[in-house]
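K.L.:
Take these sequences, add in the hints, and give me the full structure.
Top to bottom, those sequences are chains A, B, C, D, E, F, G and H. Our numbering applies: residue 1 is where the first sequence begins, and numbers increase by one. Our numbering applies: residue 1001 is where the second sequence begins, and numbers increase by one. Our numbering applies: residue 2001 is where the third sequence begins, and numbers increase by one. Our numbering applies: residue 3001 is where the fourth sequence begins, and numbers increase by one. Our numbering applies: residue 4001 is where the fifth sequence begins, and numbers increase by one. Our numbering applies: residue 5001 is where the sixth sequence begins, and numbers increase by one. Our numbering applies: residue 6001 is where the seventh sequence begins, and numbers increase by one. Our numbering applies: residue 7001 is where the eighth sequence begins, and numbers increase by one.
Hints were generated in silico from the structure; no laboratory data involved. Please note: incorrect hints may appear among the correct ones.
Said to hold, decoys possible - Reference excerpt, derived from the structure (chain D facing chain A, CB under 8 Å, subset only):
id	residue
1	Asp-3018
2	Leu-3021
3	Leu-3025
4	Val-3028
5	Leu-3043
6	Gly-3073
7	Asp-3100
8	Asn-3162
9	Arg-3168
What the hints assert, rightly or not - Take a look, some chain F residues computed to stay more than 10 Å from chain D by CB distance:
id	residue
10	Thr-5009
11	Asn-5041
12	Ala-5042
13	Ser-5044
14	Glu-5057
15	Gly-5073
16	Glu-5159
17	Lys-5164
18	Met-5166
19	Arg-5168
20	Glu-5170
21	Lys-5171
As the list claims (entries may be wrong) - Computed footprint of chain D on chain B, listed as stretches where at least three residues anywhere in the stretch have a Cβ under 8 Å from a Cβ of chain D:
id	segment
22	1037-1048
23	1082-1090
24	1107-1120
25	1125-1134
Just so you know, even glycine gets a beta-carbon here, dropped at the ideal spot from N, CA and C.
Number of protein chains: 8
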Amino acid sequence: MSDERSNQTRVGVIMGSDSDLGVMLDAVRALKQLGVGWEINALSAHRTPHRVAEYVEGLEGRGVQIIIAGAGGAAHLPGVIAALTPLPVIGVPIKSTATDGLDSLLSIVQMPPGVPVATVGINAARNAGILAAQILGTGDPEVRDRVRAYKKELGTSVESRNAKLMERVEKEL
Amino acid sequence: MSDERSNQTRVGVIMGSDSDLGVMLDAVRALKQLGVGWEINALSAHRTPHRVAEYVEGLEGRGVQIIIAGAGGAAHLPGVIAALTPLPVIGVPIKSTATDGLDSLLSIVQMPPGVPVATVGINAARNAGILAAQILGTGDPEVRDRVRAYKKELGTSVESRNAKLMERVEKEL
Amino acid sequence: MSDERSNQTRVGVIMGSDSDLGVMLDAVRALKQLGVGWEINALSAHRTPHRVAEYVEGLEGRGVQIIIAGAGGAAHLPGVIAALTPLPVIGVPIKSTATDGLDSLLSIVQMPPGVPVATVGINAARNAGILAAQILGTGDPEVRDRVRAYKKELGTSVESRNAKLMERVEKEL
Amino acid sequence: MSDERSNQTRVGVIMGSDSDLGVMLDAVRALKQLGVGWEINALSAHRTPHRVAEYVEGLEGRGVQIIIAGAGGAAHLPGVIAALTPLPVIGVPIKSTATDGLDSLLSIVQMPPGVPVATVGINAARNAGILAAQILGTGDPEVRDRVRAYKKELGTSVESRNAKLMERVEKEL
Amino acid sequence: MSDERSNQTRVGVIMGSDSDLGVMLDAVRALKQLGVGWEINALSAHRTPHRVAEYVEGLEGRGVQIIIAGAGGAAHLPGVIAALTPLPVIGVPIKSTATDGLDSLLSIVQMPPGVPVATVGINAARNAGILAAQILGTGDPEVRDRVRAYKKELGTSVESRNAKLMERVEKEL
Amino acid sequence: MSDERSNQTRVGVIMGSDSDLGVMLDAVRALKQLGVGWEINALSAHRTPHRVAEYVEGLEGRGVQIIIAGAGGAAHLPGVIAALTPLPVIGVPIKSTATDGLDSLLSIVQMPPGVPVATVGINAARNAGILAAQILGTGDPEVRDRVRAYKKELGTSVESRNAKLMERVEKEL
Amino acid sequence: MSDERSNQTRVGVIMGSDSDLGVMLDAVRALKQLGVGWEINALSAHRTPHRVAEYVEGLEGRGVQIIIAGAGGAAHLPGVIAALTPLPVIGVPIKSTATDGLDSLLSIVQMPPGVPVATVGINAARNAGILAAQILGTGDPEVRDRVRAYKKELGTSVESRNAKLMERVEKEL
Amino acid sequence: MSDERSNQTRVGVIMGSDSDLGVMLDAVRALKQLGVGWEINALSAHRTPHRVAEYVEGLEGRGVQIIIAGAGGAAHLPGVIAALTPLPVIGVPIKSTATDGLDSLLSIVQMPPGVPVATVGINAARNAGILAAQILGTGDPEVRDRVRAYKKELGTSVESRNAKLMERVEKEL
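P.N.:
Okay, here's the thing in structure tokens:
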């Protein structure tokens, strides 16, 4: 697979604070694995609102097709972005110290009618990357084939680890 | 806009029980409004597991591109479907009598790595329909234009209702 | 007390949807009672983001000193406004159908460092109005005196209702 | 007690990911202690759905009488299995990083009418093993006697530890 | 099917208060439908503790094989019963006015090691009845066959209702 | 103060498992400090139900006046005891690994009409000891005076630590 | 039993707002039934703080032995009272519109070390009255005997209603 | 900026226990950074109620304009203070060991009508300090200018860290 970053950026990954990078890199890893071009930014809906608007409103013109946005706490970033673009926005709730990430999840998922955010699980940035590929796959058979292969591989890996399970069990008991 | 149902079905709407129809029709209404072909079924992951598998595995061959799945309580349907297809699955948590729909939301959104479900808000079937159109829009400029127009309209409607707000306020005070 | 609306608007009341008017009028009633000039709008952070920005960024120039923002569900409006102005923003979480208003409360209160929202209780728009007067009272002794008088009155009313409590008790037992 | 694994497998223990083995071994330990034959697998409802179906549908024919299924997060595995068999399914919610295991508990216990899962506490795999023995005990007096003896022993052990409590207390105070 | 009540009582249904009867009758209905003999009592772990002990400790001698216990609020009844018998106990959390039944669910499911309660969903007494039949089915092939038939019927009914879904949809749209 | 244990035992401290001793010793420490005679046991409502009944029903005859009962998880012990005695029972919810102690709190506090448990905060065994002394103080002026003195001391200690606060602040800034 | 109100007031019932009277009368009813003298007031910790202090600090001198305090929402009243007296304070969390009474429960029960509030269930004012009698019973054998009789009666009433349960069941099935 | 402490104290910072100092110093740091005079105390609503009243009622006379109050657990301090003064009170919920700080948040924010507390996020003392400056800014253009500058700086810092993000990403991948 050629280096996807030299290719067209199809997914813009964005997070509310660069302290979220550890979590959000999982989205990038999934995109790389599935051969989807990406770019990444840490911009805050609350500290750099105009910069976020400018960035988001420029995406469509540059051919970016999907946005993955991660945020913790009040976690407005995915919704704020969804307000500014007809592109689909995938939201990643990030667990911060308080209330177990439920605050972020509810802030991201409970959007008003007309402005959805496609929400994945708490800290589930890897799944955000895979979902982005699935979305692109609706219009791009090659990406869909990669998703299909990836999912098959997942199953194979589960089965091969299962084959070794009894060994581990016997050691433990 | 021509009758989208005579056209290609692009979105399969499915719910865990036909008692969820009241909520899930909002997804259909959004798809109709945005000119996206749909079909609808009520099949249960727990009562008709083989029928669900058969249905889901046939979708890609018939050209269906996205699945919208609504379910309440333990709400496994969206995840069960996501396990069976590389197509993107949009999950709608449906509020049943207990625990305010939080059980459904968590059952749908907290999927394991590799098998995402694009989750919208509790009972937010309308947003599921719009999200489906946004997803199709990544590969279909015409649909994306309809989403753009729809979002613009949303704003216009908010502003025109705002213009009449003071009248309502004066009556109430 | 002269009609406060013919006077300077000191507090901008804003809500995410005109369906929140029933709750948010309590803020207006409190402002009227405490002689504080107000204006009111229903603008959505998600459906009219640019209109919100334009409105908020114009407030300071018109001499508005505080914003009261109410929103339900994902409830981004107060935080989105706080991102755009150095004025203090009071947030009112509005209870919608799901999760008892806790989603709105957490979305409003859990703001990131640097961008606070002064949050009041769920549906507590009346308290938002009183808090606005208390805030203005830090720089305006006349308003502070009205707050002081209002609070004294509150106590008197509790005591006079208490004086009649035994009558009610005797009827019930 | 003879090695129960050379005997008839009566309980199939299954978990959604081999990372759950640490928790699920407690079920095996309880089964061993109560002389009930078992087998163990790590298969995912979401990554290996067909393998799960094949495995579950083969259990009854091999004389397996009960399934213990553990899963975390969205935790669909116990319910997915319950959909495929008339055998009783015991579900073990496994605590993952977010929301304290409440997501798993609700995903497992809130099953729709007709398809129950016998749910035990969060991470309570030991109790799942004991419950399996109690269930077998409804048709097998020997197993029931072992459960009775086990429960009696539990009480004796509590009382003998209680007898030494004052010593510990005196050291601490 | 002969009147199961003249037959052997195999399941003792018990609830903490006769105000829970509306919910708990669903367990009886399921047992009747599956041809399992039952009896029913309303006895309180907190108001009649000795009566509960006497009743539970007499069950095994009378050939009763399973207990279904429903309770709301602090909901100790299922656990108190499980402490007194080697028989499997199925717990039904009953939703009372506060905290949506989550208090009852946690009080029932979070049992200490050694004393499990097989918990079903909030208010899910019907599933408790079906689970009891599944448990009996581990030792009684006839009951297991009835469960199998019941589950098949469930699926058939879902499919036949699904066949009429489009009619309902067309009326609504 | 003479050794209160050689005196009359007025408070029976009991916990569901001796693993709760670390938390429950705080109750003993408070009782010692307030000169109230105590005894302590670790007995389980679920593993030693008859032993608990025997113990509780013997308390009144031995002149014990109050029971402090701590338990985690399903936490039935305080309620089970309250069912067996007219003495007041103080319940201490103990935080175990899951759901932050909220399960224990709800299991203890949400008792049915007629059988209250006087519940204190999660892990707040110290407060249980103080509450026991306050309760005894309703009939014993000497104990009430010790409580009064203790509370005064609390205030003095807060004020003296406050007097040194600025020193700590200056070091930190 | 003589009219307890003409006798010594032993329990001061207080609530944060006279809108809580409907709930709090259950405490009075229990006190009347158990022959304990009472008085009742509606005073607010937040609207009449000095009046609350004056009232509470006068109770001991008038021979009042226990305070029952009910409050909803932030529900500070029981804790504020506990800060002002060595008498035991029983707290009744009152369910208001939002968050199901959990806010009130946590506000009342989670008191800091040194200042306990004996908390009963949400809206459980009846249990507060019974607990007050149990507390008085530690120093007053006559009241304790009434509690004992009351608890016995509770059991008898459960058993007599149970005796009629099958009639009701047969009507329903 | 001159040493603000030698100037007029405009904000009184207070916490319920000196163990909260680590969190509450963030409020002081923000006030220092924004040139606002402050003082700090650790006084308990429950252990030193009269000292709190005396302190709060003296603030207005000394020219203090705002109170920032932090508390954990039952967290009554901010509300107790708000009852005693017409000055605006900012509440900081402090996370203690149990229930993730949600107990403190609800205790602080859910105030009754007439007595608001301006609540910030859990442990968000820094935001309390910034909010205090914003409030003073309504009457003091110099402080408002400092807030404006501070917010601008926030944005600049986000953008400059974003400029270095790709370097960090490249190292990690």
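K.L.:
Are the hints correct? Go through all of them and say.
P.N.:
Each hint tested on the structure:
1. Taking 8 Å as the C-beta cut-off, the interface hint given for D:Asp-3018 holds, the closest approach to chain A being about 5 Å.
2. Because the smallest distance between the Cβ of D:Leu-3021 and any Cβ of chain A comes to about 6 Å, under 8 Å, the interface hint for this residue holds.
3. Taking 8 Å as the C-beta contact cut-off toward chain A, the hint placing D:Leu-3025 at the interface holds, the least distance being around 6 Å.
4. Annotation: interface hint on D:Val-3028 holds; nearest CB of chain A at approximately 7 Å, less than 8 Å.
5. With a cut of 8 Å, the hint placing D:Leu-3043 at the interface with chain A holds, because the nearest CB-to-CB distance is about 6 Å.
6. Interface hint status for D:Gly-3073: upheld, as the beta-carbon distance to the closest one in chain A is roughly 7 Å, under 8 Å.
7. For D:Asp-3100, the suggested interface contact is upheld, since its CB lies about 6 Å from the closest CB of chain A, less than 8 Å.
8. Hint on D:Asn-3162 is violated. Least Cβ distance to chain A is approximately 30 Å, over the 8 Å limit.
9. Annotation: interface hint on D:Arg-3168 violated; nearest CB of chain A at approximately 30 Å, more than 8 Å.
10. Its beta-carbon lying about 13 Å from the closest one in chain D, F:Thr-5009 satisfies the requirement of being farther than 10 Å from that chain.
11. Listed as outside the interface, F:Asn-5041 is inconsistent with that label: its C-beta sits roughly 6 Å from the nearest C-beta of chain D, within the 10 Å cut-off.
12. Under the 10 Å C-beta cut-off, the non-interface status given to F:Ala-5042 relative to chain D is violated; the minimum distance is some 5 Å.
13. Chain D draws F:Ser-5044 into its interface by the beta-carbon criterion, the shortest separation being 5 Å against a cut-off of 10 Å.
14. Under the 10 Å C-beta cut-off, the non-interface status given to F:Glu-5057 relative to chain D holds; the minimum distance is some 17 Å.
15. F:Gly-5073, annotated as away from the interface, has a beta carbon of chain D within 10 Å; the closest lies near 7 Å.
16. For F:Glu-5159, the non-interface assignment is confirmed: its Cβ lies about 29 Å from the closest Cβ of chain D, beyond the 10 Å cut-off.
17. The beta carbon of F:Lys-5164 sits about 29 Å from the closest Cβ of chain D, which is more than 10 Å, so the claim that it is off the interface holds.
18. Once the 10 Å rule is applied to beta carbons, F:Met-5166 is consistent with being away from chain D; the minimum gap is 36 Å.
19. Here F:Arg-5168 stays apart from chain D, with its beta-carbon at least about 30 Å from theirs, past the 10 Å limit.
20. Under the 10 Å C-beta cut-off, the non-interface status given to F:Glu-5170 relative to chain D holds; the minimum distance is some 38 Å.
21. Listed as outside the interface, F:Lys-5171 is consistent with that label: its C-beta sits roughly 34 Å from the nearest C-beta of chain D, beyond the 10 Å cut-off.
22. For the segment 1037-1048 of chain B, the assignment as covered by chain D holds, since 4 residues bring a beta-carbon within under 8 Å of that chain's beta-carbons and 3 suffice.
23. Counting residues of the segment 1082-1090 of chain B whose beta-carbon sits less than 8 Å from any beta-carbon of chain D gives 3, enough to reach three: the coverage restraint holds.
24. Only residues whose C-beta sits within less than 8 Å of a C-beta in chain D count toward coverage, and the segment 1107-1120 of chain B has 8 of them, enough to reach three; the restraint holds.
25. Only residues whose C-beta sits within less than 8 Å of a C-beta in chain D count toward coverage, and the segment 1125-1134 of chain B has 0 of them, not enough to reach three; the restraint is violated.
Violated hints, in rising order: 8, 9, 11, 12, 13, 15, 25; the structure is consistent with all others.
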